[in-house]
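Participant: Sequence:
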Amino acid sequence: MVKLKKYNGFLKLFVIFLTLFFIFSCSQKNYNLTKIEGKQLPITERGSETPEIENFIKPYRDHINRDLDSILAYSPETLDKSTGKWQTTIGNLMADVCLQRGNLVFKTREKKDIDLCLLNHGGIRAILPKGNVTTRTAYEIMPFENSLIVVALSGNQILEIASYIIKEKKPQPLSGMTFTISKDNTAKNILIQGKPIDVSKTYYVVTNDYLANGGDNMNFFLKATQKFDLNYKIRNVLIDYFKEVDTIPVKTDVRITVE
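In the working numbering, the protein residues as written are 3 to 261.
Be aware that one or more of the hints could be misleading.
[Stated by the list, open to error] Derived DSS-like pairs: lysine-lysine, alpha-carbon spacing no greater than 25 Å straight-line: (1) K229 / K87; (2) K171 / K114; (3) K132 / K172; (4) K114 / K185; (5) K172 / K109; (6) K171 / K185; (7) K197 / K253; (8) K113 / K197; (9) K172 / K235; (10) K229 / K114; (11) K169 / K109; (12) K109 / K197; (13) K114 / K132; (14) K225 / K109; (15) K197 / K185; (16) K87 / K185; (17) K197 / K114; (18) K185 / K113; (19) K87 / K169; (20) K172 / K87; (21) K197 / K245; (22) K169 / K190; (23) K235 / K109; (24) K132 / K253; (25) K109 / K245; (26) K114 / K172; (27) K229 / K203; (28) K169 / K132; (29) K225 / K172; (30) K113 / K171.
[As the list claims (entries may be wrong)] Pairwise CB distance ranges, derived in the manner of DEER restraints: (31) K229 / V252: 31 to 37 Å; (32) A128 / I66: 16 to 22 Å; (33) N221 / K41: 45 to 51 Å; (34) P78 / E112: 53 to 59 Å; (35) N57 / G216: 44 to 50 Å; (36) E54 / E112: 52 to 58 Å; (37) G124 / V252: 21 to 27 Å; (38) T52 / T259: 30 to 36 Å; (39) S84 / N221: 24 to 30 Å; (40) V201 / D71: 46 to 52 Å.
Keep in mind the hints are simulated off the structure, nothing from the lab.
Since the structure is predicted, the reported quantities are computational estimates derived from the model, not experimental observations.
By construction, the Cβ of each residue, glycine as well, lies at the ideal position given by its N, Cα and C atoms.
Please model the complete structure; the sequences and the hints are all you need to start from.
Facilitator: Here it is in structure tokens:
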């Protein structure tokens with residue numbers, strides 16, 4: 003006679019074994035990345051090789067080009083940042099325009115006036131050529147997404163601005179401020195909006211967001227007591243200005259003189 007108890011014990015062990023086997027076999031496995039393979043797919047400008055893509059893109063490209071090439075104004079001569087030691091015609095124009103149009107926004111929001119504008123020479127990325135001025139012109143001059151920021155600075159920090167310009171020896175775009183570089187290489191006769199600087203006064207300076215955060219070593223902006231983001235891209239400032247005028251004025255007034 004077969005002893006069933008022995009078989010029952012065996013079956014119990016077998017069931018336990020199968021259960022553990024399935025648990026471990028179904029458990030999450032850890033995989034490690036050992037190799038990455040890639041393939042370069044060339045993009046050709048010749049639409050004949052990819053006519054479907056070209057036909058799909060063409061209407062959008064044509065629409066964008068029509069917008070970019072729409073004529074907004076006329077420039078009687080080429081404005082270039084490379085001509086001028088302490089100031090340039092294109093730098094003067096950009097600083098004046100940013101001061102003028104930035105002030106429209108700032109005065110409406112804060113009921114205050116912007117006193118001066120300081121931008122950076124390197125931020126101008128193209129010339130403003132003689133002839134028709136288009137939306138594309140604005141994109142070429144200012145291809146970045148920089149926007150206008152107004153910072154509140156003390157009169158002492160305005161002195162630092164003059165010292166910075168002298169030290170850098172570059173025609174930084176400047177508007178609303180004039181001064182003379184003396185023989186000892188310091189600034190004198192500093193005027194803000196035609197009035198002598200008052201070191202105890204707070205001045206409102208419009209610049210771009212990059213410089214407002216200390217870019218190009220303009221650390222005096224980091225000492226601002228207040229900052230106001232105008233949410234106004236400099237490229238759009240230029241476009242709005244071009245739409246507003248018929249002929250671009252050539253700004254040749256002297257802002258920095260040397261003894």
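Participant: A separate judgement is required for each hint: does it hold in the structure or not?
Facilitator: Here's how the hints hold up against the structure:
no. : hint                    : result
1   : K229 / K87              : violated, 31 Å
2   : K171 / K114             : violated, 32 Å
3   : K132 / K172             : holds, 24 Å
4   : K114 / K185             : violated, 36 Å
5   : K172 / K109             : violated, 30 Å
6   : K171 / K185             : holds, 15 Å
7   : K197 / K253             : holds, 21 Å
8   : K113 / K197             : holds, 21 Å
9   : K172 / K235             : holds, 24 Å
10  : K229 / K114             : holds, 13 Å
11  : K169 / K109             : violated, 32 Å
12  : K109 / K197             : holds, 20 Å
13  : K114 / K132             : violated, 36 Å
14  : K225 / K109             : holds, 22 Å
15  : K197 / K185             : holds, 23 Å
16  : K87 / K185              : holds, 17 Å
17  : K197 / K114             : holds, 17 Å
18  : K185 / K113             : violated, 40 Å
19  : K87 / K169              : holds, 13 Å
20  : K172 / K87              : holds, 7 Å
21  : K197 / K245             : violated, 32 Å
22  : K169 / K190             : holds, 14 Å
23  : K235 / K109             : holds, 17 Å
24  : K132 / K253             : holds, 14 Å
25  : K109 / K245             : holds, 21 Å
26  : K114 / K172             : violated, 30 Å
27  : K229 / K203             : holds, 16 Å
28  : K169 / K132             : violated, 32 Å
29  : K225 / K172             : holds, 23 Å
30  : K113 / K171             : violated, 35 Å
31  : K229 / V252: 31 to 37 Å : holds, 33 Å
32  : A128 / I66: 16 to 22 Å  : holds, 18 Å
33  : N221 / K41: 45 to 51 Å  : holds, 47 Å
34  : P78 / E112: 53 to 59 Å  : violated, 36 Å
35  : N57 / G216: 44 to 50 Å  : holds, 48 Å
36  : E54 / E112: 52 to 58 Å  : holds, 53 Å
37  : G124 / V252: 21 to 27 Å : holds, 22 Å
38  : T52 / T259: 30 to 36 Å  : violated, 59 Å
39  : S84 / N221: 24 to 30 Å  : holds, 27 Å
40  : V201 / D71: 46 to 52 Å  : holds, 49 Å
Going down the numbered hints, you'll see the structure goes against 1, 2, 4, 5, 11, 13, 18, 21, 26, 28, 30, 34 and 38, while the others check out.
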